[in-house]
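**Q** Taken in order, these protein sequences are the chains called G and Y. Counted the way our numbering counts, the first sequence spans residues 1 to 248. Counted the way our numbering counts, the second sequence spans residues 249 to 601.
Hints are not guaranteed to be accurate.
Calculated pairs, DMTMM-like style, for lysine to aspartate or glutamate (alpha carbon to alpha carbon, straight line, at most 25 Å) [stated by the list, open to error]: (1) Y:392 to G:219; (2) G:13 to Y:368; (3) G:13 to G:45; (4) G:13 to Y:345.
If you're looking for bench data, these hints aren't it; they were derived computationally from the structure. For clarity, every value in this text was computed on a predicted model and none was experimentally measured.
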Amino acid sequence: MSSLAALTARELKAFWYSPVAYVVGALFLVLQGFVFWLLVAALNDPGTDPSFTIAQAFFGPTFFNSIAVLITVPFLTMRTFSEEKRTGTIEFLLTAPVRDSQVVLAKFLGAWLAYIALWSSTIVFFLFLRAFTPFDWAPVLTGYLGTWWLGGVLIAIGVLASSLTRNQVIAAFLCFVVILLLFSVGILDFFFRDPETSKLIGYLSLLDHLVDFSKGILDTRPLCYYASLTVLALFLTGRVIGHPRWRS
Amino acid sequence: MDPIPFSQPAIDVASLTKRYDAVTALADVSFQVQAGEIVGFLGPNGAGKTTTLRILTGMLAPTAGTVRIDGLDVTERPLEVRRRIGYLPEHVALYPELRVQEYLYYRASIKGVPGRARREHARDAMERCAVTDVARQLIGRLSKGYRQRVALADCLLARPPILILDEPTVGLDPHQIRQTRELIKALGRSATILLSTHILPEVEMLCHRVAIIDKGRIVAVDTPAQLGQRLRGTQIVRVELRLPAAPTANAMGVAQAGGDDTVIESALRELPGVARVTAQRREDLPAPSQADGGQARQAGGAAAFEVEADQQHDIREAIFRLAVERRWALRELSQQRASLEEVFIHLTTREDT
Numbered sequence: 001m002s003s004l005a006a007l008t009a010r011e012l013k014a015f016w017y018s019p020v021a022y023v024v025g026a027l028f029l030v031l032q033g034f035v036f037w038l039l040v041a042a043l044n045d046p047g048t049d050p051s052f053t054i055a056q057a058f059f060g061p062t063f064f065n066s067i068a069v070l071i072t073v074p075f076l077t078m079r080t081f082s083e084e085k086r087t088g089t090i091e092f093l094l095t096a097p098v099r100d101s102q103v104v105l106a107k108f109l110g111a112w113l114a115y116i117a118l119w120s121s122t123i124v125f126f127l128f129l130r131a132f133t134p135f136d137w138a139p140v141l142t143g144y145l146g147t148w149w150l151g152g153v154l155i156a157i158g159v160l161a162s163s164l165t166r167n168q169v170i171a172a173f174l175c176f177v178v179i180l181l182l183f184s185v186g187i188l189d190f191f192f193r194d195p196e197t198s199k200l201i202g203y204l205s206l207l208d209h210l211v212d213f214s215k216g217i218l219d220t221r222p223l224c225y226y227a228s229l230t231v232l233a234l235f236l237t238g239r240v241i242g243h244p245r246w247r248s
Numbered sequence: 249m250d251p252i253p254f255s256q257p258a259i260d261v262a263s264l265t266k267r268y269d270a271v272t273a274l275a276d277v278s279f280q281v282q283a284g285e286i287v288g289f290l291g292p293n294g295a296g297k298t299t300t301l302r303i304l305t306g307m308l309a310p311t312a313g314t315v316r317i318d319g320l321d322v323t324e325r326p327l328e329v330r331r332r333i334g335y336l337p338e339h340v341a342l343y344p345e346l347r348v349q350e351y352l353y354y355r356a357s358i359k360g361v362p363g364r365a366r367r368e369h370a371r372d373a374m375e376r377c378a379v380t381d382v383a384r385q386l387i388g389r390l391s392k393g394y395r396q397r398v399a400l401a402d403c404l405l406a407r408p409p410i411l412i413l414d415e416p417t418v419g420l421d422p423h424q425i426r427q428t429r430e431l432i433k434a435l436g437r438s439a440t441i442l443l444s445t446h447i448l449p450e451v452e453m454l455c456h457r458v459a460i461i462d463k464g465r466i467v468a469v470d471t472p473a474q475l476g477q478r479l480r481g482t483q484i485v486r487v488e489l490r491l492p493a494a495p496t497a498n499a500m501g502v503a504q505a506g507g508d509d510t511v512i513e514s515a516l517r518e519l520p521g522v523a524r525v526t527a528q529r530r531e532d533l534p535a536p537s538q539a540d541g542g543q544a545r546q547a548g549g550a551a552a553f554e555v556e557a558d559q560q561h562d563i564r565e566a567i568f569r570l571a572v573e574r575r576w577a578l579r580e581l582s583q584q585r586a587s588l589e590e591v592f593i594h595l596t597t598r599e600d601t
């Protein structure tokens with residue numbers, strides 16, 4: 001357990017020491033700040049449906065929300081394995097008395113915690129808003145929860161992509177494309193008339209679940225779904241790292 | 249298969265084979281390292297040294313064969329094995345954004361050194377490897393020599409009983425090479441060391457025994473002194489002779505099929521300075537040409553031998569005189585290189601100091 005903690009701490013430190021993290025973090029906050037301002041302005045418009053809340057607008061599967069996720073995840077995960085493979089530090093890592101599973105989990109936790117920290121810092125926006133107007137905190141909290149758990153899936157996919165190549169650009173782009181395709185699953189709904197198929201697509205679509213979370217509904221089914229996908233991606237990463245062919 | 253506790257070697261490599269698709273990187277590599285020994289793993293670049301060491305440390309999986317460290321199988325119990333090994337890879341790659349001390353603390357923690365002992369272990373390792381003066385510097389700013397020594401300090405952190413060092417002196421300046429060798433010698437007093445190198449004098453200076461590898465095969469395992477003797481002391485000559493046709497053979501009374509070879513072989517063996525005579529297989533001989541109408545075969549045939557002799561006598565002239573004397577036809581007489589010598593040609597035998 002203590003080696004997992006040490007490995008994870010090292011991953012977090014890598015973000016702390018790397019200029020990439022600061023650039024991505026700063027730009028993420030600029031983008032989200034602008035989006036938040038835009039949303040509040042739109043909600044202030046008398047023509048807007050009064051039952052629509054700021055949490056729904058901010059955490060729901062909107063264009064801005066998807067973009068923010070889509071561009072931050074690849075930057076957070078691309079270096080995890082690729083960098084170690086390229087520089088050769090992976091040999092020091094994998095010959096230390098730690099399990100492959102610990103290494104994979106630490107890489108994931110490091111990037112995921114960074115992602116969570118990034119999103120959590122947007123709480124400042126809500127605190128500002130609270131100074132001017134009362135609103136319900138519950139959907140905000142479930143909104144964060146849904147975003148974090150969805151982030152887990154995406155970060156795991158990014159770590160898997162990074163384990164496949166020693167080139168960070170390829171890792172980032174691979175992660176980007178896979179996430180984009182997963183986000184597009186919901187669009188398939190347009191091609192099917194059958195209500196059962198629609199339900200299936202609705203369940204499989206990663207983004208559609210954000211609607212519920214942003215309304216304050218805490219459903220364990222999507223959480224289980226997200227968790228299963230995360231575990232699957234991490235399991236595959238472990239296989240990649242442990243496979244003799246990739247170990248050179 | 250329970251190992252016997254006292255006689256078991258620290259490193260036991262048995263019939264190790266590693267194949268990448270069509271390429272065989274290691275073929276049936278076997279050797280042992282006893283506890284407390286410093287063994288050199290010597291071979292030209294690309295011979296399979298790094299591949300072997302990577303399998304020993306669990307970085308690569310073998311295609312076939314077993315590796316036991318302190319009696320533990322590397323593939324079955326990788327964690328316990330890695331806990332017993334300090335490994336210095338060929339390419340030293342450390343996190344450049346960390347400070348030396350910070351890096352060593354991190355490595356100590358993932359190597360399972362308990363929290364309170366970490367500081368002390370790191371300080372000891374830094375002192376032994378003479379990197380204490382750069383403890384607070386960023387690794388990325390260090391010279392190659394310092395980085396190499398930080399990696400060596402990393403090896404020592406958990407105080408493992410076995411050290412595996414892949415080309416520990418490569419890329420260092422002469423002064424640093426001397427320091428590193430002194431350090432390895434000192435470490436050898438308390439640990440078992442397997443180190444790879446392509447520099448011959450390094451082995452002579454440091455190692456109790458040497459395993460020589462070439463093209464994925466172990467060519468020899470011996471002490472440096474005896475290897476040198478074997479190398480300087482022998483010459484190998486390939487000779488192909490044919491006994492004259494039946495009448496002469498009859499006169500000598502050894503015409504029966506297959507007998508010719510023995511006659512030649514024993515005659516060769518009696519020459520002064522000959523240590524060994526090995527008959528070559530028939531298939532290796534060229535087929536009888538049209539010109540001699542297959543006479544060679546009919547007459548009992550030619551026979552080829554490899555003759556190993558010490559270098560004080562020039563065995564080639566003696567063989568020639570023998571053939572003339574006995575009226576044998578001399579079809580081939582050529583000097584061969586010993587396989588060991590073949591390897592040594594590709595080794596670095598001198599150092600620019």
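**Q** Sort out whether residue 45 of chain G lies within 25 Å of residue 13 of chain G, counting only the CA atoms.
**A** violated, 44 Å
**Q** For the pair supplied as a hint, residue 13 of chain G and residue 368 of chain Y, confirm whether the alpha-carbon distance does not exceed 25 Å.
**A** Roughly 23 Å between the alpha carbons, so the hint for residue 13 of chain G and residue 368 of chain Y holds.
**Q** Would you check the hint for residue 392 of chain Y and residue 219 of chain G, treating anything up to 25 Å between C-alpha atoms as holding?
**A** Violated - the C-alpha atoms of residue 219 of chain G and residue 392 of chain Y are around 56 Å apart, more than 25 Å.
**Q** Given the hint that residue 13 of chain G pairs with residue 345 of chain Y, test it: the Cα-Cα distance must not exceed 25 Å.
**A** Distance ~9 Å between residue 13 of chain G and residue 345 of chain Y Cα, so the pair holds.
Consistency note: the structure conflicts with the earlier hints numbered 1, 3.
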